[in-house]
Amino acid sequence: MEEQELTEYSRLTVLLREADVRNLKVTIITNHKRRAEDSGNRSRTVVKSQNGWGVTYRKPTEICALKGSTVTISCTYGYPYTVERVDKTLWFTKESNNVHVDLRSDPDYSDRVEYQCENKACTLTIRDLRETDSATYKFRFITNLETGRYTGEPGVTLSVTDLQVQVITSTYRRSELRCLNRCSLPDRFTYIWYKNGQNIQGQTSNTYSGYFVDTDRVSCAVRGQELFPSPSVSVHWGVTYTSTQICGSKGSTVDIHCSYRYPSRVNNVDTRVTKTFWFVNNEPLDLKEDSDYSGRVEDQCNGNSCTLTIRDLRETDSAEYKFKFITNHDSGKYTGSPGVVLSFSDPQFQVDVRKSTVDQFSTWTELTCRSNYQLFDHHSYIWYKNGEKVENKGKKYFLLDGFDPSNRYYCNIEVLGYERFRSPPVYAPNLPLVSVLPSGQIKKGSSVTMSCSSDANPAAKYTWYKKNGTDEPRLVDQERLSFSSIQSSDSGDYYCTAENELGRTRSEIISIDVKYPPHPPSVSVSPSEIVEGSSVTLNCSSDANPAATYTWYKGNRQHVHG
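Numbering that gives the first Met the number 0 applies: residue 0 is where the sequence shown begins, and numbers increase by one.
It should be emphasised that the hints constitute simulated quantities derived from the structure, not laboratory data. Quick caveat: nothing in here was measured; it's all calculated off a predicted structure.
Pairwise CB distance ranges, derived in the manner of DEER restraints:
id, residue 1, residue 2, range
1, 204, 146, 49 to 57 angstroms
2, 144, 206, 50 to 58 angstroms
3, 146, 421, 32 to 40 angstroms
Straight-line alpha carbon distances no greater than 25 angstroms define the calculated SDA-like cross-link-like pairs of lysine to any residue that follow:
id, residue 1, residue 2
4, 460, 107
5, 395, 103
6, 443, 484
Quick reminder that beta carbons are idealized off the backbone N, C-alpha and C, glycines included.
Given the sequences, and given the hints that come with them, work out the whole structure.
Written out as C-alpha cells, the structure reads:
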C-alpha cells in the first residue's frame with residue numbers, strides 16, 4: 000500500500016482492509032501544507048502504525064554526548080480513535096518482568112530528568128550526564144484501554160563519553176595530540192588543553208602540537224565542561240590497561256585489554272615496534288612460549304590496542320599480567336607496570352536492592368546481581384524466586400512491581416553452559432525477637448538494655464517505639480535501647496521494627512515494669528477539725544512498686560498493721 004497524504008481534511012474516516020491497517024503509514028501535515036523532511040537532525044512527524052498505535056523518534060536516534068552535559072530526546076506518538084485519553088507517558092531504559100522503570104521515579108535520574116509532553120509529542124531532557132547514563136531510551140504511553148499500552152521500538156541510543164588524549168605522531172621532543180572520545184561528538188565544541196595542570200593558552204581545537212619532555216603530562220577538556228577533563232597522560236611512552244583487576248573461574252575465558260604509545264621518531268630515526276607480548280609477574284617470558292599456557296592463550300593487536308585471551312582458566316593462572324613492547328631503538332623498550340591482577344576465586348555474588356523513593360505511587364523494586372570483582376565477559380545471569388527459575392532473558396537486573404515479603408530471590412551466572420556462583424538470597428525481615436538484660440526483676444536506677452534482632456538480607460535497620468495511648472513516639476533508630484539508670488517513668492509497653500529495602504516487620508509488645516521502694520509516706524487527717532468523741536481517720540500513702548504495706552505507730556508502740 001503506497002503512502003497517502005491527507006492535505007484537505009483534519010479528520011478522515013475510511014474503511015480499511017485488515018491488510019491495509021498493517022501497512023498503514025500516515026503523514027500528518029498541519030496548515031494544509033506539505034512539509035519536506037529536514038535534511039539535518041529532524042525527521043518528519045510520521046507515525047508508523049500498528050493498528051493505529053505508533054511512536055516515532057526524532058533523528059538522530061544514535062546520540063553521542065559528553066559527560067556532564069545536557070541532552071534532549073524527542074518523539075511523537077499516535078493511537079487509534081477508540082482511545083479516549085492517555086493516562087500516563089514515561090521514558091525508561093530498564094524493563095523486566097513486565098515492569099518499566101519511569102526515569103522520574105529512578106533515584107539515579109529523578110533530580111536530573113524533565114519531561115515536556117503536549118499534542119502527542121514528548122521530549123526527555125537529561126542534565127549532568129554520567130557515563131552510566133549510556134543506554135537505549137524508549138518512550139511508553141498508557142491509555143484508558145485495558146490493553147492500551149505501547150512502547151516505541153527500537154528507541155534512541157545514548158552514548159555518554161569521557162575524553163582521552165591520543166598521541167597521533169610523536170618525535171623525541173615534538174608530538175601531535177588529539178582530544179579523543181569514544182563516539183563522535185559534534186564539531187561545534189571548543190577545547191581546552193592542559194600541560195602539567197596548567198592551561199595552554201590559545202589552543203581551542205581538538206588537536207594540539209607542541210614540544211614535550213619525558214616528565215610532561217597532558218590532558219584536555221571541552222570548554223564549559225572543565226570539571227570533566229581527560230586523564231592526564233605521558234606523551235611519549237606508555238601502556239594503559241582498561242582494568243587493573245579482573246576475576247576468573249575454573250574453565251572460563253578472560254580477556255585483558257591495553258593500548259600503548261611511543262614517540263614516532265627518536266634521534267631523527269623513525270620508531271618501529273619490533274615485538275609485543277604479555278608475561279606474568281616479573282618474568283618477561285612471552286606467554287605464547289610458556290608451557291603452562293600452551294594452547295590456551297591468544298595475543299591479538301589492532302594498531303596500538305592489544306588483547307590477551309586466556310581460555311580454560313586454571314587456579315595456577317592467578318597472577319599479575321603485564322604488557323611489553325620493544326622498538327628498533329636501543330633504549331626503546333617499555334613495560335606497563337603495574338599490570339592487571341587476575342584473581343582466581345569465588346567472585347562473591349550478591350543481590351543489591353534498589354527501590355523508587357520518589358512517591359507512593361511508584362512501587363518498583365530493582366534487584367541487581369553484582370560481584371566484588373570485574374567479571375569475565377562470557378556469561379549471562381539467571382534469577383530464582385523461592386528456588387524456582389524465572390525468565391529474565393539473561394539480564395543483570397530483575398524488576399518487581401512491589402515486593403511480597405514472603406518471597407526470596409537469588410541469582411547466579413551461567414558459564415559454558417553451567418550455573419555458577421549462587422548469591423545469598425535477599426528477603427524481607429522476619430518477625431523481630433526482643434531480649435531484655437538483665438533478665439528478671441528490673442529495679443529503679445539499674446542499667447537496662449533491650450535488644451531487637453531479625454533475620455534479613457539486606458541487613459535490617461531497627462527502630463524502637465514506646466506505646467503511650469494513641470501516641471507511639473519514636474525513641475531511637477538502632478538495634479539496642481539502653482537505660483543507664485532506669486526510672487519509674489520508663490515503665491510501659493515497648494516494641495521495635497526491623498526494616499530493609501524489601502519490607503518492614505514489627506515485634507510483639509514487651510512490657511517493662513520498674514520496681515522501686517516506697518517514697519517517704521504522706522499522712523492526711525479527716526476531718527481537719529477534730530472534736531472529742533468524733534470519728535477520725537488517718538491516711539498513710541506512699542508511691543511504690545510493688546504497692547507498699549503500711550504500719551501505724553503511736554509513740555514507739557505499733558498500733559495497727561495493714
